[in-house]
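Engineer: Taken in sequence, the protein lines are chains A and B.
322 is the number that the numbering used here gives to position 212 of the first sequence; each next residue is one higher, with no gaps.
135 is the number that the numbering used here gives to position 125 of the second sequence; each next residue is one higher, with no gaps.
It is worth saying that the hints were derived from the structure and are not from the lab.
Heads up, the beta-carbon is just placed ideally off N, CA and C, and yes, glycines get one too.
A hint or two may mislead.
[Said to hold, decoys possible] To be clear about the criterion: a stretch of chain B counts as covered by chain A if any three or more of its residues have a C-beta under 8 angstroms from a C-beta of chain A, and this derived list gives those stretches: (1) 110-116; (2) 130-137; (3) 288-297; (4) 388-399; (5) 467-473.
[To be verified] In silico EDC-like links for lysine to aspartate or glutamate, alpha-carbon gap of 20 angstroms or less: (6) K414/B with E402/B; (7) K362/B with D219/B; (8) K128/B with D161/B; (9) K457/B with D169/A; (10) K155/B with D169/A; (11) K362/B with D101/B.
[Stated by the list, open to error] Chain B is faced by these chain A residues, among others (derived, beta-carbon under 7 angstroms): (12) A126; (13) G130; (14) D134; (15) L167; (16) T168; (17) I172; (18) G175; (19) T185; (20) L188; (21) L279; (22) D323; (23) G368; (24) S388.
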Amino acid sequence: MSAVKAEAAVPPAPRATALGRFFDNKNVLGVVFVAPAVLILLALLTYPFFLGIYLSLTDAIIGRGGHFVGLANYTGLLGDPLFRLVTFNTFLYTTVACTCKLILGLALAIVLNREFMGKRFIRAIVLLPYIVPTVLSAISFWWIYDPTFGIISYTLRHLGLIGHNIDFLGDPGLARGALIAANVWRGVPFYAIGLLAGLQTVPGSLYEAAAIDGAGGWSVFRHITMPLLRPLTVVITMFSVIQTFADFQLPWVITRGGPNNATHLYGTLAFQRAIQGSHLGEGAAVAMAIFPVLLLTVIVSFKNLRRED
Amino acid sequence: MGDFRNRDRAPGTPAADRPRRLTRREVLAAGGAGLAGAALGAAGLDRSAGPAEGAAYGVPGMSLDLPIERGASLRVLRWGQFVPVDQPFWDKMTQAWSQKTGVKVTIEYVNWPDIPSKTAVAANVGAGPDIVTSFFDDPHLYPDKLVPLDDVADYLGKKYGGWYDLCRAYGFNTPVGHWIALPMGTPGATVNYRVSWVREAGFDAFPKDIPNFLRLAKALRANGHPTGFSLGHAVGDANAWTHWWLWAHGGKVWNADGSAGLHSDGTIHAIENCKELYSTMTQGVGSWLDPDNNKAFLSGNISMTNNGISIYFIARAQFPTVALDMDHAIFPVGPAGRPAELQLMPMAMVFKYSKYPNAAKDYLRFCMEEGNYDQWINTTLGYYDATLRAYENVPVWNGDPKVKPFQYCLRRGQVHSYATVPGPRPAAAHAEYVVVDMFANATVGGKSARDALANAEQRLARIARG
C-alpha cells in the first residue's frame, strides 16, 4: 500500500514540448549526436582526401589551377627512377622498422609485466621517446650520427675500438640503418605500452593451470600469451605500419632524403615535389601512392581480427 | 686573394699554421648556436649603428611619390638573419619608416628554406603577409598574383646606377612584362680555405682555374687535410657549388628555349672531375646539410669548402686561430672560360591580396634608399652584396681584406635557371636537387658519369614535360 501511495505522490511529468518530442525520437537523437563527428570527418579527412585524388589527376602547380590530365602523373611516376628508388626505400624502412619495433616492444612489455622495484617509474620512463616531439628527437639523432662530432664515433674512437669516425649518414647503407634505428627507438614504447596493456588482461588462472600441467616458459608464451595478444598485436602493428610508411619528420630533419636519395621516402618525396617543386599534381600522386598500401594493411588486419572473433 | 699574410694576427698570437685543436664541445656549441652566434660583439665586429645619412650614392633630387593608403599596416615575412647584426638593424630601419609614415609594420623572421612553402600557401589561399621575401625564382611561380613593382624598380634602378643583370633576371618576369619582385641583397658565397695548409700544399696563391684547383685539393688531401663540399640535400651550399661546377665546365641544365640541356660533353667532364674532387673530400659529405661544412671547417677537419662569410664571423668570435688562418677566394674559372656562380638571392614581392600595395612598395623603396641600404650592407659587414650598382663600393669592402672576395659576387653570378628564364620547371629541378643528385650519384653512389647523367636526364625530362 505504501508503495502505491508513494507512486501517487510523484508529480506528473511535464508535457513534452514539440522540440522535446523531436529529440525524444531515437533516430533523430542519434543523428544529432553523430553529426558533429561526421562534419569534422568530412571537413578534415574526406574533403582533403578527395581533393588529393583530384589534384593527382591534374597538372596543378602552386598558384595556378590545373587541367585534368587523367593518370598521366601516375604513369609518369612509374617511369621515374627516383620514384622507384623511393618505393624501395619506403618498403624497406617500414618492413625492417616495424619488425624490430614489434620484437623489441613485445620483449619490453613482457619485462615490464613482471614485478620489480620501481616498476611504475620505469613504465613511465619507457614512454619518453614517444612523448618527446619527433623533431627534437630527430635533431638529437642528427647530432648523434654526425660524421665529425657524433657521440657514438667519439666514444668508440676514444675506447680504441675504431680508428676513424663511422660515416653513419654519408654511406647509403648505413644511413638507411641509422634512420631505421631512430624510428625504432621512437616507436618501441608505442608497442611496449600497448602490448603491456594486453598482457595485463590475460587471466592469471591460465598461467596457473599451465604451470600445474608442467608447461615451460616458451610453451606458456606460445600457447597462452601469443594467442591472447594476437588481436591487439594486429591493431598496434597496423597503426605502426601506417605511421611508419607515411613518415616524414625523421628523414627530413636527419638526412633530407640523402645520401644519394637512399633515405628518401614517399612522404619526403611528396613534400619535395608538391611544395618545394611547386608541382601539386605530381606531389599529390606520390602521396596517393601510399593509399593502396595502407588500405591493404587495414583490410588484412581487419580480416585477421574477424577470423580471430 | 693570393696574399697569404696573416693580416689580422695580433702580436704574440700563436702561429696560424699550428692551430689549436678544437674540442668537440666547442664546435658543438658553435654549431648549436646557428654558427653566426651572438658573439660578434665580442669579436669587435658589432657596428650596428642605426640608419644614418650615407655618402652620395644616388642621383640627387630624384624621388618617388607613392600615396600611402589610409589606415595601412603591413605584415612582412623575411628570412631570419645569417649574422646577428642583421635583424636589429632591419628592425631599426623599419621603425624609422613607421615613425615617418605612421604605418605599423610586423615582421616575421623565418628560417630561409622554410619561406617558399609559406609563400606557396599564401599564394594559394590568397591571404598572408603583404610582403614576402623569398628566394631565387619563387616570385615567378605566381607572377599574376603579385603587384607589379615597375615604378619602384625603375626609380631605384635609375637613381642608384641600375640593377645588376642577374638581379633583373630574377626580378623581371618576361611573360607578364613587369618587375614582380625586388632583389634585396645577396648573401655571397666564396671558397673558404685554410691559408697555411694551402701554402703547405705548395700553392702561393689560391688557384684561379679548375685544373689547379683540383691539384690543390689532391695535395691537401695527401697532406691529411681533406676538402669538404656538400653532396647531400643542403639547399644552399650543395646547390651553390654543384651548379658552379657544372657551369664552369660548360654544362647547363636548361637551354635558352626552356628545353632540357643537361646532355653535353661539358656535363660529362664536370662529373668526371667531380669524382676526382670527391676523392679529396672528408667522409660524410653525402649527407651534409647546410650547417655541416661550417662545423667541419671550424673544427679543422677540412681545409676547404664553399660558404658565405658566416664561418669567418663565428671563427673571429670563437675560434681566433681558425680566423687568422683562413681566407676566402672566388670560385675558380673552368673550361667555360668565365665566372659562373650560383649566388643566393632574396626577392621581395607584394601580393595582390594586400590592401596596402602602395605602403608595401614605399616600405621597400625606403629600405633601399641611401642612408638605409648602404648602412645595412655596411652593418652586416659584407654578408650581403648590394643589388644596385651604385652601392657596390660601400666602405665595408675596404675594411678587412678577407671580406673583399665577397664584393663582386653579383658580377659573377648566373641565374639559377641558366640559360633560360626563371619559372616553374627550373624551380622544380632546383627543389628536387637534380644537379646535386647527379654528382652524388657519380660519387657517393659510385655510378659512371654517363649513368649519372642518364639518371638526371630522365628526371629532368619528367620535369620538362611539366
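Engineer: If a hint holds in the structure, say so; if it doesn't, say that too.
Structural biologist: We went through each hint and held it up to the structure:
1. 110-116: Contact hint for the region 110-116 of chain B vs chain A: violated, 0 residues under 8 angstroms.
2. 130-137: holds (count 3)
3. 288-297: Per the Cβ count (6), the hint holds.
4. 388-399: violated (count 0)
5. 467-473: holds (count 4)
6. K414/B with E402/B: 12 angstroms, holds
7. K362/B with D219/B: 46 angstroms, violated
8. K128/B with D161/B: Answer violated: K128/B to D161/B is near 27 angstroms, above 20 angstroms.
9. K457/B with D169/A: The given pair, whose Cα atoms are some 32 angstroms apart, is violated under the 20 angstroms limit.
10. K155/B with D169/A: 19 angstroms, holds
11. K362/B with D101/B: Outside the cut-off at roughly 25 angstroms; violated.
12. A126: 47 angstroms, violated
13. G130: The hint is violated - G130/A has no Cβ within 7 angstroms of chain B, the shortest such distance being about 43 angstroms.
14. D134: 44 angstroms, violated
15. L167: Because about 15 angstroms separates L167/A from the closest Cβ in chain B, which is outside the 7 angstroms limit, the hint is violated.
16. T168: For T168/A, the interface hint is violated, since the closest Cβ of chain B sits about 12 angstroms away, which is over 7 angstroms.
17. I172: 4 angstroms, holds
18. G175: 10 angstroms, violated
19. T185: 11 angstroms, violated
20. L188: 11 angstroms, violated
21. L279: Status holds, d = 3 angstroms.
22. D323: With Cβ-Cβ at 55 angstroms, over 7 angstroms, it is violated.
23. G368: 4 angstroms, holds
24. S388: 5 angstroms, holds
Consistency with the previously given hints fails for numbers 1, 4, 7, 8, 9, 11, 12, 13, 14, 15, 16, 18, 19, 20, 22, ordered from lowest to highest.
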